[in-house]
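Chemist: Model the full assembly from the supplied sequences, consistent with the hints where possible.
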Amino acid sequence: MAQMTMVQAITDALRCELKNDENVLVFGEDVGVNGGVFRATEGLQNEFGVDRVFDTPLAESGIGGLAVGLSLTGFRPVPEIQFFGFVYEVMDSISGQLARYRYRTGNTYSMPVTIRSPFGGGVHTPEMHSDSLEGLMAQQPGLKVVIPSTPYDAKGLLISSIRDNDPVVFLEHLKLYRSIREEVPEEAYTIPLGKADVKREGKDLSIFAYGLMVHESLKAAEELEKEGYSVEVVDLRTVQPLDIETIIASVEKTNRAIVVQEAQKQAGIAANVVSEITERAILSLEAPVLRVAAPDTVYPFPQAENIWLPNYKDILETAKKVLTF
Amino acid sequence: MGEKISKQFDPKTTLQEIEDQFQMFQILNEEGKIVNEEADPKLSDEELVELMTRMVYTRILDQRSISLNRQGRLGFYAPTAGQEASQLASHFALEKDDWILPGYRDVPQIVWHGLPLWKAFLFSRGHFVGNQIPEGVNVVPPQIIIGAQYVQTAGVALGLKKRCSKTVAITYTGDGGSSQGDFYEGINFAGAQKSPAIFIVQNNQYAISTPREVQTAAKTIAQKGIAAGIPSILVDGMDPLAVYVATRDARQRAVNGEGPSLIETMCYRYGPHTMSGDDPTRYRTSDIDNEWAAKDPIVRFRIYLEGKGLWSEQKENEVIERAKEEIKAAIKQADETPKQKVTDLISNMYEEMPVNLQEQYEIYKEKESK
Chain U
1 MAQMTMVQAI TDALRCELKN DENVLVFGED VGVNGGVFRA TEGLQNEFGV
51 DRVFDTPLAE SGIGGLAVGL SLTGFRPVPE IQFFGFVYEV MDSISGQLAR
101 YRYRTGNTYS MPVTIRSPFG GGVHTPEMHS DSLEGLMAQQ PGLKVVIPST
151 PYDAKGLLIS SIRDNDPVVF LEHLKLYRSI REEVPEEAYT IPLGKADVKR
201 EGKDLSIFAY GLMVHESLKA AEELEKEGYS VEVVDLRTVQ PLDIETIIAS
251 VEKTNRAIVV QEAQKQAGIA ANVVSEITER AILSLEAPVL RVAAPDTVYP
301 FPQAENIWLP NYKDILETAK KVLTF
Chain Z
1 MGEKISKQFD PKTTLQEIED QFQMFQILNE EGKIVNEEAD PKLSDEELVE
51 LMTRMVYTRI LDQRSISLNR QGRLGFYAPT AGQEASQLAS HFALEKDDWI
101 LPGYRDVPQI VWHGLPLWKA FLFSRGHFVG NQIPEGVNVV PPQIIIGAQY
151 VQTAGVALGL KKRCSKTVAI TYTGDGGSSQ GDFYEGINFA GAQKSPAIFI
201 VQNNQYAIST PREVQTAAKT IAQKGIAAGI PSILVDGMDP LAVYVATRDA
251 RQRAVNGEGP SLIETMCYRY GPHTMSGDDP TRYRTSDIDN EWAAKDPIVR
301 FRIYLEGKGL WSEQKENEVI ERAKEEIKAA IKQADETPKQ KVTDLISNMY
351 EEMPVNLQEQ YEIYKEKESK
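Protein sequence lines correspond, in order, to chains U and Z.
Counting from 1, position 209 in the first sequence corresponds to residue 209 in full-length UniProt numbering; the numbering is continuous, with no gaps.
Counting from 1, position 134 in the second sequence corresponds to residue 134 in full-length UniProt numbering; the numbering is continuous, with no gaps.
Heads up, some of the hints might be wrong.
[Said to hold, decoys possible] Within a straight-line C-alpha distance of at most 27 angstroms, the following computed DSS-like cross-link-like pairs (lysine-lysine) qualify:
| id | chain 1 | residue 1 | chain 2 | residue 2 |
| --- | --- | --- | --- | --- |
| 1 | Z | Lys-295 | Z | Lys-219 |
| 2 | Z | Lys-365 | U | Lys-195 |
| 3 | U | Lys-253 | U | Lys-219 |
| 4 | Z | Lys-315 | Z | Lys-328 |
| 5 | U | Lys-313 | U | Lys-203 |
| 6 | Z | Lys-162 | U | Lys-19 |
Rather than coming from a laboratory, the hints here were simulated on the basis of the structure.
Modeler: Now the structure itself:
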C-alpha cells in the first residue's frame with residue numbers, strides 16, 4: 001500500500017494496464033514527453049516508449065477518430081481530451097461513432113476505448129475548462145460514464161474501464177486531483193462499473209452524489225450529525241448506468257433523499273436519479289426527493305465560482321428541507 | 001513591401017504555381033485511346049476483363065437498385081452510375097487485407113471487397129444483419145456522417161503501421177465532404193503520423209444541389225493535400241486506368257512507409273444524390289448531363305477493350321445476365337432474413353448488458369413472446 005493522490009492513482013492505473021496489455025495505447029495532446037498537463041501520464045512514455053504513449057496533433061475530433069480506427073485494428077485506446085469542455089469538438093466521434101459501433105455492426109466490431117478527461121470547478125480555470133457535461137454523455141446509448149471521487153476508486157474504476165470492451169467516458173475532477181491522499185494498493189485491482197459505494201451509513205436521509213460533491217456531502221453529513229441526524233452518503237461512482245439496487249435500498253431504509261450535483265439543474269444526471277426513485281420507491285418516501293445543483297446559467301466567470309458552485313451549505317439547507325418536510 | 005513578401009502575396013505567382021501542378025492525370029481518353037503510353041499500367045488481359053466486368057456489373061446493380069427502390073423493395077440508396085471507374089478501378093488496386101472505410105455512396109467497393117450482396121441490400125433497407133461484416137472482410141459499414149470516415153481512416157492506418165502490416169486503409173468522400181473539419185483532420189493526422197492511408201475525394205461536381213464552386217475557392221480539391229503536407233493528385237475519374245494507377249502508386253508509397261496520399265477523382269453521378277426525393281433537374285441542365293455522358297467510363301473502356309479483342313457484346317450481355325440473376329437471388333435472401341426484434345437491438349449494444357437494458361430486455365422478451 002502507498003499513500004496516493006487521485007492523479008497518482010490514475011497514473012498508477014495506466015501503468016498497470018500498459019504493463020498488463022500490450023494493446024493499451026495512451027495518446028492525446030501533451031500526454032507524452034510532457035506527462036500531461038496535470039502529470040497524469042508522467043513517466044509513462046519514458047517507461048513504455050513512444051509507440052505506446054504518444055502526442056497527437058491538436059484536434060479533438062481527430063483524436064476520437066484515431067481511437068475508433070485503432071480499435072478496428074485490435075488496439076485498446078485510452079485517449080485523453082485535455083479538458084472536457086472541449087468535448088463538443090469530438091461529440092460525433094464519441095456519441096455518433098464510438099458509442100454506436102457495436103450496435104451498428106450487429107455485434108461484429110467493438111470499441112474498447114476509455115476516454116479520460118478532466119473537468120470540474122473550484123480552481124479558477126479559464127472558460128470552458130470546468131463545465132460539467134457528464135449529462136450529455138449519460139444520454140448516449142452505448143456509453144458508460146464513470147466519475148471517481150477518491151484515489152482508491154479512481155484506480156480500480158480506471159482499470160475496469162480500460163478492461164471493459166465497450167467505450168467508457170472517465171471524468172476526473174480537477175479539484176480532486178491532489179486534494180486528498182489515501183492508501184492505494186500497488187497491484188492492479190478492479191471496481192465493477194455501475195456499482196455505487198456507500199461512503200457513510202445513515203438512517204434518516206440518503207444523499208446521492210458524485211465527483212467533488214461527494215466530499216461536500218460528507219461534510220454536510222457531519223454537520224447534520226451534530227444536530228442529531230443520521231445521514232447516508234452514497235457515491236454513485238458510475239453515473240451511467242446507475243446502480244439502481246443500491247440507490248433504492250438506501251431510500252427504502254432512510255425514506256428521504258436528496259441528489260447532489262455540481263452541474264446546472266437542467267444538466268447533470270440528478271433528474272434521472274429522482275425519476276428512478278419515484279418510479280421504484282415512491283411508497284417509501286416521507287418527503288419529495290430534492291436536488292442540489294448549480295444555477296441554470298453558463299458556467300461562471302472564475303471570480304464568481306464561489307457564489308455559484310454548490311457546496312456543503314447548499315446541501316445542508318436542502319437536506320433540512322427534506323428532513324423537516 | 002519587400003520583394004520577397006510582395007511576391008508571396010501576388011496571386012499570379014504563388015497560387016498560380018500551385019494550381020499549375022494539379023493538371024488532370026489521364027491515360028485513356030474519351031475515345032478509348034491511350035494518351036499516356038508511359039503511365040499505362042499494362043494490366044494483363046484477364047485483369048482488364050475483370051475490371052470491365054466489375055464496372056458493367058456495378059452499372060447494372062445501380063439500375064436494378066434504383067428500380068427496386070422505386071418498387072419499395074430497397075430503402076436508402078445513393079446512385080453510383082458514372083462513378084464506376086472512380087469506385088472500382090481504385091478498389092481494383094487494393095489487396096484483400098487492405099481496409100476500406102466507405103461513405104454512403106461507396107457500397108460497390110465493399111461488395112467487391114467481400115460484403116455479400118444480400119447484406120448490402122439489408123443495409124439499404126435498414127437491418128442490422130446487413131452490417132454484420134463477415135470475418136476477414138476488412139470493411140466497415142457505409143458512413144453517413146460526412147467526414148467521420150476520414151478521421152477513422154487515419155486511426156486504422158496508424159493501427160496497421162503499428163502492427164507492421166504491409167496493408168493500407170482507404171477511404172472515400174465527395175467534393176462537398178472536403179469542406180468538413182474531419183476531412184482536414186483526417187489527412188493531417190495521417191500525414192503527421194506518416195500512416196499508410198489513401199484518401200479519395202470523388203468530385204462528382206455536386207453535393208446534393210450545391211455545385212463544387214460553392215464549396216471552396218480552391219481550383220482543385222487535390223491541392224488541399226498541401227495543407228497536410230502530403231502528396232496529392234487530380235485524376236480523370238472517368239478513366240479506369242488513370243484511377244487504377246493513381247491508387248496503385250499511392251498504395252505502393254504507403255506500404256513503403258512513405259505516408260498517405262490524397263486523390264481527387266473528377267467524375268459525375270448521372271442519377272440523383274439519393275433516392276430520397278432529390279430531383280437533379282432542379283439544379284442541373286441536360287447540357288451538363290450530356291457533356292458528362294460523353295465521358296462515360298464504361299463506354300471508353302469498352303472501345304479500348306474491343307480494340308484489343310478482349311470484349312464483345314456477347315461478353316457484356318453475359319455479365320449483365322449474371323448480375324441480374326445474382327441481384328435477384330440476393331434480394332430473395334434479404335427477404336428471407338428474419339425480422340429484427342427489440343431484444344436483438346438491445347443485445348447488440350454492449351458486451352455485458354447494463355442493468356437498465358437487462359430490465360428492458362425482459363420487458364420486450366415478454367412482449368415478443370405474445
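Chemist: A separate judgement is required for each hint: does it hold in the structure or not?
Modeler: Structure-based check of all given hints:
1. Lys-295(Z) with Lys-219(Z): Distance ~21 angstroms between Lys-295(Z) and Lys-219(Z) Cα, so the pair holds.
2. Lys-365(Z) with Lys-195(U): 25 angstroms, holds
3. Lys-253(U) with Lys-219(U): OK: Lys-253(U) and Lys-219(U) at ~21 angstroms, within 27 angstroms.
4. Lys-315(Z) with Lys-328(Z): With a Cα-Cα distance of about 20 angstroms, the restraint between Lys-315(Z) and Lys-328(Z) holds, given a limit of 27 angstroms.
5. Lys-313(U) with Lys-203(U): Distance of about 21 angstroms is within 27 angstroms: holds.
6. Lys-162(Z) with Lys-19(U): 17 angstroms, holds
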